[in-house]
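There are 2 protein chains.
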Amino acid sequence: MSKYDKLVQNAAGRVVPQIINGSDAIAFQGVGKYHPTGRKYAPPIATCADYPADGNKIVAGIKEALVRSGIRDGMAISTHHHFRNGDLVAQQVFDAAAELGIKGLIWVPSASFECHAPLIKYLEDGTIHHIEGSMNGALGKFTSEGKMQGLGVLRSHGGRYQAIQDGDVHIDITVIAAPTADCFGNATGDRGPAACGLLGFALADSQYADRVIVVTDNLVPFPCVPWQIHGNYVDFVVQLDKIGIPEKIVSGTTEITKSPDRLLLAEWTAQFCDEAGIVQDGFSFQAGAGGTALSIGIYFAEMCRQRGIKARFARGGSNKYLVKMLEEGLLDYILDGQTFDLDGVRSMRENSNHLNTSPFTSYNYHGKGNFAQFVDVVILGATEVDVNFNANVVTHSDGYLLHGIGGWMNCLFSKCVILPVPLFRDRMPVIRDKVTTICGPGELIDVIVTERGIAINPLRTDLIEKMKGSSLPIKTIEELKHEAEKICGKPAGPYVTDEPVAVIKWVDGTVIDTVWRVDKR
Amino acid sequence: MSKYDKLVQNAAGRVVPQIINGSDAIAFQGVGKYHPTGRKYAPPIATCADYPADGNKIVAGIKEALVRSGIRDGMAISTHHHFRNGDLVAQQVFDAAAELGIKGLIWVPSASFECHAPLIKYLEDGTIHHIEGSMNGALGKFTSEGKMQGLGVLRSHGGRYQAIQDGDVHIDITVIAAPTADCFGNATGDRGPAACGLLGFALADSQYADRVIVVTDNLVPFPCVPWQIHGNYVDFVVQLDKIGIPEKIVSGTTEITKSPDRLLLAEWTAQFCDEAGIVQDGFSFQAGAGGTALSIGIYFAEMCRQRGIKARFARGGSNKYLVKMLEEGLLDYILDGQTFDLDGVRSMRENSNHLNTSPFTSYNYHGKGNFAQFVDVVILGATEVDVNFNANVVTHSDGYLLHGIGGWMNCLFSKCVILPVPLFRDRMPVIRDKVTTICGPGELIDVIVTERGIAINPLRTDLIEKMKGSSLPIKTIEELKHEAEKICGKPAGPYVTDEPVAVIKWVDGTVIDTVWRVDKR
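Which chain is which? The protein sequence lines are D and R, in order.
The first sequence begins at 1 in our numbering and counts up one residue at a time.
The second sequence begins at 1 in our numbering and counts up one residue at a time.
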């Protein structure tokens, strides 16, 4: 059966595959509509009798660890993006697999970066069959052009936890790169030469993978503290000379924007939050790591400072600006999901109110609630937004898959979701009739802030009411679309075929949209 | 079928039931001999769609929470002993169940105390069918006299985690009493009017129970920090006026012994450790909360101080003596499994090197190793020891079941296990031909220290070698037994029937021994 047989239209009006890489898939049924009936994935019961009596699990290298983990054709192998573009481990894992002659692997990264582009050779030679995780940049281009053997599967950070927890994706072997670890496999990311902060993206893998390998370049005597990863889940520990390139570990986007347009977006967003009554004592916010988002955080900090109020917590993507707020007493807690700069890493080590979270606590939709729903306002980006407030974060308007989802989908369950976006990019309108790929259903997206005006989702009558009489340029989403088209013209494309190359999983594991092979013309 | 049909002799030479409360049981096969082949218990998949969008899970009271949890006849309900003898919650749970007319419940406490004696009325009226957990004091007497409907099941702390993880015991509803919590169910024990330290004994229940109820008398705004219990596992939160009696929460045994005999045991034990080369820079130890054990810790501290060395970690039962070592810099870390006094609670809040552990990290035998195996020396008590170094910790020599196992069994996997015990108690020899109940196989017990001499397990030729020429009175275990019998006479009893009233589960879930109904004469 062809990989794009059996398509169906889902509740978002998108055509999606019913079979993905040979397994049945469930089409998106609407926000909160799908009710799982199964049970969580049940890992095999281990016994201490099978592990070294002295607790020392060190083996000679990645290849030996893979062999002792029973690596074989078709297995799913996972790695994580804690080192971002400085990761030196994922490639070594697949180098070793290729040397062993293993074929048809599924790579399940928590995210991919440019540094992973060399893995394309393993997609080409059949070592890797397909990717379940983000397919950014070169990997995305490769996928978009229909060159990957299997269908790509994109999930949010929370969706990745959900999928592993529920057994939607079963990880045979996970390799967790850890800046510090002990011989038992207790591991942390907040210290060591390759310190990166949290290792939270590996939590699900450590809990549910059949075999867990910890790779470190900083072995310490038991106990490694804090144990972000519990050694009790770990099978093997590998010591390497270097697991990450420190200068590439911290995210590039750690400075506030200097662009006047983006600063305007930031200013208007902050003013909107203020006028809507969101910025008050005890409020909470989450902003990404981009320049605009960082700038909004700075506005919030200034409001707190001037009014003598305090935010209860900020979720992050921690960075020096949030750390400054915390240390200045403008913030009770940072709830850190990923550490974006060295101040964040330092603060995580030093400040007891800088808290480690995980995709389980913050984002897993198949839990009994999660932290995202407590956030008063979240500020996110998007590649496209449509007149129904649906938003896209993975493909560009030309159809190319170039970004992962990250925690974006999961954050949509916050109390107010604001997308500050430029009205157009490279003379392509961002506000459109229909987004190329739906990643977020419009009913969860509340406000679009552009440099030409701000649109409030008609479902949010409360916000519309609050903003009556505001000096901000409140417009309808249609007005914004028309302004964009007036400048750029009606957008054409995307130029895609009817061949699926990847699917987008909603937070509950259902398929919300399909990425189609681009039609190179 | 009678509850004591189908008995079999196990690898420890003990006769044990093959069917326990209607389910098949596996007889003890020897240390490290039983290999589980199954999978962990798989809880049903939850979805945020079924939980309040604002994250607020508060319901009016315990009874409402039980009803909304679907309580019905025959369910297993668990509670925990974090408040020790000051617990006010377990009784309210079963009061509510009795008011609802529920029958045949299984109570799965992590331990029981004298304050739980009033629950006997619910064992008598059929509200509770039997207990899986410790049956101490009055509950033990009740059980020993054959009055409990079902067979009691005793497990170690680690065994309790193992049993819940593996699905040997399935918890339908757990009620977690929490000194501080938020409306989402995040909960901690290290602060609040009923602060008790850790909530680690509730970890397994939170992860695997179908329904999780958090009960608190100190509700704080989200997020409750630290979240020792993750709200993501919690269904309902109940606010009460008072959940524990603070003055009874801390253990009674927090002072060093003043008894000359016990001080001698402590001194000899410490000297033994020193001469055996255990007390050296970077060593680790665990001692219980009894007066003798506390005194040994003080000897260790003094050795560190005098020699300018440092222990890597102490596992505890934390108490003011360990905290003093930590704060004086004689100890890198306290690995806390249970907090025994208010200094321990304070230190847990304040010291980042006072670490929270759990039965999962420290004791679970069905994991990929656990922390207990890293401890250089552990000092434990026993009610009886036999000439094969088997030890008993649950029954007295008259056959009465009066104590729980706690972490005792789990600690036997440490590198050196020392039992300082008096040669006799109330003119009953402690060293005997055969223990009334085997809780620890002799091959795991290394040294018996009594006031008349010290016996080293012949298996530990290394220790015997090291102690050659020692000034300590090294004797054989038979010599100790003879000395005891010379003073007390050959012990008679226990006077028990052939009717099982409870079983002792080994760390791997197999049945190591049976407690028999006492023959009251």
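Some clues are possibly wrong.
Note that the list lumps identical chains together, so a pair holds whenever it fits in one copy or between two copies.
What the hints assert, rightly or not - Listed next, the in silico DMTMM-like pairs over lysine to aspartate or glutamate satisfying Cα-Cα at most 25 Å (straight line):
id : residue 1 : residue 2
1  : LYS258    : ASP433
2  : LYS33     : ASP54
3  : LYS310    : GLU350
4  : LYS324    : GLU350
To be clear, the hints were calculated from the coordinates, so they are not data collected in a lab.
Here the structure is a predicted model, which is why all the values come from computation and not from measurement.
request  = Against the structure, test the hints numbered earlier, and report the numbers of the ones violated in rising order.
outcome  = 1
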